[in-house]
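So the sequence lines, in the order shown, correspond to chains L and U. So the first sequence is numbered by the numbering used here: it starts at 1 and just counts up by one. So the second sequence is numbered by the numbering used here: it starts at 381 and just counts up by one.
None of these hints come from the bench; they were simulated from the model. All values derive from a computational prediction rather than experimental measurement. A virtual CB, placed ideally from N, CA and C, is assigned to each residue, including glycine. Worth double-checking, as some hints may not be accurate.
To be verified - No more than 25 Å apart at the CA atoms, straight line, and that leaves these computed lysine to any residue pairs for SDA-like:
| hint | chain 1 | residue 1 | chain 2 | residue 2 |
| --- | --- | --- | --- | --- |
| 1 | L | Lys291 | U | Arg445 |
| 2 | U | Lys671 | L | Phe122 |
| 3 | L | Lys291 | U | Gly447 |
| 4 | L | Lys286 | U | Arg459 |
Claimed, not checked - Some chain U residues near chain L, calculated using beta-carbon distances under 7 Å:
| hint | residue |
| --- | --- |
| 5 | Val404 |
| 6 | Ser418 |
| 7 | Ala672 |
| 8 | Tyr693 |
| 9 | Glu702 |
What the hints assert, rightly or not - Derived coverage of chain L by chain U (criterion: at least 3 residues anywhere in the stretch with Cβ under 8 Å from a Cβ of chain U; other residues may be distant):
| hint | stretch |
| --- | --- |
| 10 | 75 to 83 |
| 11 | 316 to 325 |
So you can see what is in the structure, the chains are spelled out below.
There are 2 protein chains.
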Amino acid sequence: MFELLKTDPHTKARLGKLTTAHGVVDTPVFMPVGTQASVKALDPRELREMGTQIILGNTYHLNIRPGLDIIRAAGGLHRFMNWDAPILTDSGGFQVFSLAKIRKIKPHGVEFRSHLDGSLLFLGPKEAMEIQRVLGSDIAMVFDECPAHDAPAKEQRLAVERTIRWARECREQPRADGQKVFGIVQGGSSAALREECAKALVAMDFDSYAIGGVSVGEPEPEMLKAIELTEPFLPAHKARYAMGLGTPAQMIELIARGVDMFDCVLPTRIARTGTAVTRRGAFGLKGSAYKADFNPIEEGCGCFACRHFTRAYLRHLLNVNEILGLRMVSVHNSYLYLKVMADARAHLAVGTFADFYREFIMNYKPSQKILAARKMETER
Amino acid sequence: MFELLKTDPHTKARLGKLTTAHGVVDTPVFMPVGTQASVKALDPRELREMGTQIILGNTYHLNIRPGLDIIRAAGGLHRFMNWDAPILTDSGGFQVFSLAKIRKIKPHGVEFRSHLDGSLLFLGPKEAMEIQRVLGSDIAMVFDECPAHDAPAKEQRLAVERTIRWARECREQPRADGQKVFGIVQGGSSAALREECAKALVAMDFDSYAIGGVSVGEPEPEMLKAIELTEPFLPAHKARYAMGLGTPAQMIELIARGVDMFDCVLPTRIARTGTAVTRRGAFGLKGSAYKADFNPIEEGCGCFACRHFTRAYLRHLLNVNEILGLRMVSVHNSYLYLKVMADARAHLAVGTFADFYREFIMNYKPSQKILAARKMETER
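Produce the entire structure from the sequences given, and follow the hints as far as they go.
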C-alpha cells in the first residue's frame, strides 16, 4: 500500500504515497483528528479546502457514542460523517489505558469502566478490530497497551509482551473491504524493548507500522530517542506513523528521522483557548498586544481565516466567546500543519529538504505553553 | 430609501426594496443578529450562501467590547468584521434597560453600570448616534426607552415621552456617509400611546420606522395587538421593522399585517441547544427518536447542513458537544428564516401571498419551548 518515491540524501526524510480504499495519500502527511466523528469545530468543506488528505477517528469514543449500531446503520463512518476521503481509526488502546478506570487486564483484552457513565465494557484485539471493521476505516490500528512514559521497566516489558500477543490476534481478525492494518511498536525509551517489539511486529508483516508510547507526557528528547530507537527496525517500503505528535517543529524533526505520518489534537485544541500556531512558533491571540493589530494571524498565509480576518477581530471574538473566533483559529492552525507537510513534500521532491529543515527549526521558537498542552492528551 | 413595489390585495403584506450605502435589500427581509460583530457560530461566507442581505450589530455591546477606538481604527464595523453588505445597528436602548444595572435616567440619557464589569457608563441619544456613526452602519436606530411589557401605565407614558424627546435629539446628530436613521415607536399595548408616539415620530420624518416594545416577554396576542395598533400610523412609503421578532409563523403573521423587516436571535440561540426550526415547527434534535434517522433536518431544504448531514449525525454531534453540531443547526435555522422571507417575496411578486400565508400558518405548529426561549432575550 505504501510506495517510497524518494529518500532525502542528507537526512532520513522520505517522500511517499499511501494507497487506500478511499484514495491516495501523499506523505509526509498530517492527519487532523476527528475523535468523535468530527474534527473539532471544522466542517468537511473546510477540511478539504485546507488540503486534508486523511483524518482520524477513534474506536473507543465512537463505540461509546454514537455506538456501533448507529454507524453500522449509516453504512460506516465515512457515510455517517459525510467524509469520502481516507480515514484512519485508532484502536482505542490508548484511551482504555489513559481515560477509562481500568478494572482488569485479561489475556485477551481489558475490562474497564467507561469514562462517561461508568458502565462495564471490554476491549481487546478482537473487539477493537471488529469495531474498526464496522467503522470501515481505510486504516485500522492494532489494539496495543500504551503505558505512561514513567512506568517502571517491568510494566514496559509486560506492555510490549501484550502488545505483541494482541497484535497477532488483531492480525487474524476479519477486516472491512480493502482495510489496511498497522502494527504499533511500544517499548518506552528502552532500546532493547523497542527493537524486540519492532522485530516481532515486522515479522507479522503488517501493512505499515506506527510508533506508539510517544506523546504520553515524556520530555522531547525522550520522544525523539524513542523514535530513533525504533526507526532502524522498520522496513523502508512501509509507512511509519508517529502517534499523537506533535508541534510543527517536532514533525519536521521526525520527518528528518524517517517518519511519514502524524496526527495531533494540538492545532484544534489550542485554537479553542485562543492560541495560534505559525512558522515562528505559537502565540496567544487574546493578548492586548493584538487589540488593534489589523494583520492576519500569519503574514502570507493562504488559509480562510488569514484571507478574511485580522488579529484584532479574531482577538475580539475570542475575548467575547464568539464561536467564530475559535473556529477561525482552528482553521488557521490546521491549515498550517497541513501546509508545513505540503512544503516538506515539495522540498523532498526537488531535493532541498535539508535546507528547509534547517531553516524551519531555526525560525520556530518552541513555546512552553504548547508543550504543556501536549501533556494533557485527554482529547486524543 | 424605501420603494414600495407592490401591496397584497388580500392582506397588508408589502413587497419592497430598501436602498442603503452597502447595497439594496429586498423586503420582507429577515436580518440575522450579529450582536458582538459576529452572527453566532456562522462565518460571512455561510451567511452569504444562505441569502443574507443585511445583518444587525449592537451599539451597547460593541461599545463595551471591542470598544469604539478599535472599530474606528479598523475603519468601521463593516471592515472590522469583513462584511461588506448592509448592516443595521441597534441603538443600545433595549440593552441599557434590560441588561445594565440602571443607576439613573437623566434628561439626555441613562447613567448605568456595565453588565460586564460594573463600570459606570452613560448612553443617550447623542452617545448612541455618535457610536453608530463610528460603527458606520447603513441604518442606525434612535435611542429609545423600552419598558417591560407589564410596566405600569405611568411608566409606559414616561417611556413614550422620553422616546419622542430622545428621537428628536437623535435626529439632530451627525451621521456617517449615507447612513439612514429609523425612529422606534413605543407605547406598549396602549392604543393611545402607540398612536401618539407614531405620529410624533412620523412628524420628524425619519428614513423609516421600527415598532419597539415587542418581544419583551409579552404573550403573542399582545404582541400582534401592539403591531396592529401602530401600523396604521406609519407611512406606506417607508419601511416598517418589528424589532426582535419572531418565530417563522409570527413573521408571516406580521408580514400580513404590513411589516417589512425582522430580526431575531431565535434561529441561532435555539440551535446552540439543539433545537431545529422547520416549516412545520421546531423540534429538539437531541432526542433519541433521531438516533438512527438518516434524513436531513428538513426534507427538501437546500441549506448546507441539510445537503450534507443527517439528523442522526447532527444528533450525535450535539450530544457529544461537538461544535459542528450547533454550527450546522445554526446554518439550517438561519437559512430557514431567510428562505421563508424569500418565499414570501416570491408569492408577493406573483400575487399568491394570501394562499402562502394561510398554508404556512396551517402547517406550522408553534412550540411552547420556542416561545419560552423568546422570553429570555439577553442575547439580543
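Here is what the structure says about each hint:
{"no.": "1", "hint": "L:Lys291 to U:Arg445", "verdict": "holds (10 Å)"}
{"no.": "2", "hint": "U:Lys671 to L:Phe122", "verdict": "holds (23 Å)"}
{"no.": "3", "hint": "L:Lys291 to U:Gly447", "verdict": "holds (10 Å)"}
{"no.": "4", "hint": "L:Lys286 to U:Arg459", "verdict": "holds (20 Å)"}
{"no.": "5", "hint": "Val404", "verdict": "violated (24 Å)"}
{"no.": "6", "hint": "Ser418", "verdict": "holds (4 Å)"}
{"no.": "7", "hint": "Ala672", "verdict": "holds (5 Å)"}
{"no.": "8", "hint": "Tyr693", "verdict": "holds (6 Å)"}
{"no.": "9", "hint": "Glu702", "verdict": "holds (4 Å)"}
{"no.": "10", "hint": "75 to 83", "verdict": "holds (count 3)"}
{"no.": "11", "hint": "316 to 325", "verdict": "holds (count 8)"}
The structure shown violates just one earlier hint, number 5.
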